[in-house]
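**Q** Got chain A sorted already, so can you dock chain B with the ligands onto it with the hints?
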Amino acid sequence: MKELSINFLGYNFKNPIVMASGTFGFGREYGEFYELSKLGGICVKGLTAKPRLGNKPPRIAETPMGMLNSVGLQNPGVDAFITDELPFLREHDTVVIANISGNTVEEYVEMTEKLSDAGVDILEINVSCPNVKAGGMAFGTSTEGVTAVTEAVMKKATSPVMVKLSPNVTDIISIAKSAEASGADAISLINTLLGMRIDTTTRKPVLNNIVGGLSGPAVFPVAIRMVWQVATAVKIPVLGMGGIMTGNDAVEMMLAGASLVGVGTACFDDPYAPLRITKEIEEYMERNTINKISDLIGKVNTE
Amino acid sequence: MVYTTVAKISGLSGMSDPTKRKMLMPDVFLCEIVDKKTLADAVVSITVSCNELARQSSAGQFLHIKCGETRLLRRPISICSLQGGNIRFVFEVKGEGTRWLSEQEIGDELNILGPLGKGFNIPNGKIIVVGGGVGTPPMLLAAESANGKAKKTNRLAPGESRKNDVIAILGFRSADRIILTEEFIKICEKVIVTTDDGSAGIQGAVTKPLEELLKSGEYSAVMSCGQLLMQKAVADMCAKYNVQCQVSLEERMGCGIGACLVCACATVNNSGTTAQDSSGTVIENTEMSRVCIDGPVFNASNVIW
Ligand SMILES: Cc1cc2nc3c(=O)[nH]c(=O)nc-3n(C[C@H](O)[C@H](O)[C@H](O)COP(=O)(O)OP(=O)(O)OC[C@H]3O[C@@H](n4cnc5c(N)ncnc54)[C@H](O)[C@@H]3O)c2cc1C
Ligand SMILES: Cc1cc2nc3c(=O)[nH]c(=O)nc-3n(C[C@H](O)[C@H](O)[C@H](O)COP(=O)(O)O)c2cc1C
Ligand code: FES
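Sequences listed follow chains A and B, in order. If you use my numbering, the first sequence corresponds to residues 67 to 369, in order. If you use my numbering, the second sequence corresponds to residues 989 to 1293, in order.
Chain A extracted, bound-state conformation:
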């Protein structure tokens, strides 16, 4: 038997695969394809203090082995999540992570209190959404912004807190260090990379929002580099994501220093991606006679 489980912030993840925020809704749709309890964890669609309609369509553009999205945090709001969606997720034996985005520090704090009270396992503080005008990425692109949000959230949170970082920065290490110094329990990265496409016939941007976030295999090497830089610089654990499509990609992410691996865009291609990737990780362990998956974390040999 191969040991696939990971202990992360006191929770036992059955396997290192966590569904990335915004790509898996609140689990209901993919839950029709397979049992959600087969997943290590589920990070829900980004929540805001009030219900949001999101941006106008088109909200998606294809790119070479990737995609841009500009959903703009469409969600029913934190209160509706707690009453209508959380009970459903709780029926499944998997770790539930709530992803939150605020326009102001106060909104982050308000949501932290509500979700901690509701008993969400882990909070993921999204300071990196590229698709909303105020807040979101604005906080995540400066050490001051990350510090302000993280410190305020840590004062009220009773669930462990993970800060999700934006790759759209010049110095990811100093940002990660400021999250750690402000008391964050873990770091997750990368959110999407800001991008743009233009239709050459109409000369208009493909996305109604003009710009959007790049995800999928196209961002994978950037994600590996950033996870490696951050994991080497901080002591708190890291959830690594960005472009993971296969078990080999997941192993690579763990070697770079990730304790858990987020899977998002892969599901659009293959609804069964998380199960397939888990199986491929097991096959890798089999081939390389590795008994515990946790033995791989950060084991890249840079000598």
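Misleading hints may appear alongside valid ones.
As the list claims (entries may be wrong) - Pair ranges (Cβ atoms, derived): (1) His-158(A) - Leu-1217(B): 40 to 48 Å; (2) Trp-1293(B) - Thr-236(A): 37 to 45 Å; (3) Glu-179(A) - Gln-1071(B): 53 to 61 Å.
What the hints contain is simulated information worked out from the structure, not anything from laboratory work. Here a beta-carbon is modelled for each residue, glycine too, at the ideal position from N, C-alpha and C.
**A** What follows is chain B with the ligands alone, placed relative to chain A:
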């Protein structure tokens, strides 16, 4: 590199307890192409064989088709007709994905996620189906289903064919773009063709003949698929004559199953709740529906055009 799992083949098929899985559920299928035809310049008809997929499919639903290993996103294409275990779809070559699809041959296998979406709710009574350009194909199955329903309700004798319940209005750019009309003729009482340039049928928009028919007061419902502007005109015309109208909408898609929210379409929300738009303004009576699962077919009166 082959990324996609075909659950049945890889042994990952969803539920360890099969009773937990709904009887009718979309899934990933590998389907062999059994027929391929060119209907007009750059318009291709492909028929694939897959019992399970065919059994679950209904009019107005679509297939999310993987178009080669180098393209990340699947392409949504409507179901045009069903026969036994065969499913046929008709598409126009627009960009890279549909080009790849048009290059596949009989005997090749396609990776299809489906059937997806909420299709037409086939009404009773006399019905008009409206199709514009490559919005025509799904209306063939809609017409067939409406006809089938009428047969059942009217208890026709086996073999007795009655086709006076469905009228089709099909609009195209020009005579050389006309597709599928012979097949509509087999099913419908009457097929009216319009072209933008008048090179065949009536010159002008589909709403011209539509208004004539609606005026008669004989028709109880309209079902339509085509470009947004055409559909809005059809919907407005139906509203004017107080006739129920269903429209099949298009939007760019990611997951295709309702999880990623990229395929948004504004619809009426009467629940009394409000939400903020992207600039923070509070908007009433509006929600963002998902074309892939709340649609692609919507009641026209619910769509905020
Ligand atoms: C529910 C539904 C049913 C459809 N049924 C049919 C059909 O029966 N026959 C047919 O010819 N076409 C149909 N379409 C349109 C078809 O999906 C697009 O023409 C096709 O996706 C274009 O892909 P491409 O790779 O050729 O173009 P590209 O421009 O290379 O595509 C780039 C990206 O944009 C998306 N995209 C581009 N145009 C459209 C569009 N109009 N609608 C949705 N996504 C688009 C593609 O899926 C892809 O993700 C349908 C669309 C929807 C939403
Ligand atoms: C359609 C879509 C919606 C997303 N929404 C959110 C969100 O609400 N909150 C968030 O923190 N990240 C969001 N993301 C980013 C993903 O969680 C993830 O960080 C990113 O897509 C990289 O992983 P991937 O390449 O495996 O998708 C979204 C990504 C996509 C594609
Ligand atoms: S395509 Fe993902 S929700 Fe419709």
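**Q** State for each hint whether it applies.
**A** How the hints compare with the structure:
no.	hint	result
1	His-158(A) - Leu-1217(B): 40 to 48 Å	holds, 44 Å
2	Trp-1293(B) - Thr-236(A): 37 to 45 Å	holds, 44 Å
3	Glu-179(A) - Gln-1071(B): 53 to 61 Å	holds, 59 Å
Every hint from the earlier list agrees with this structure, and none is contradicted.
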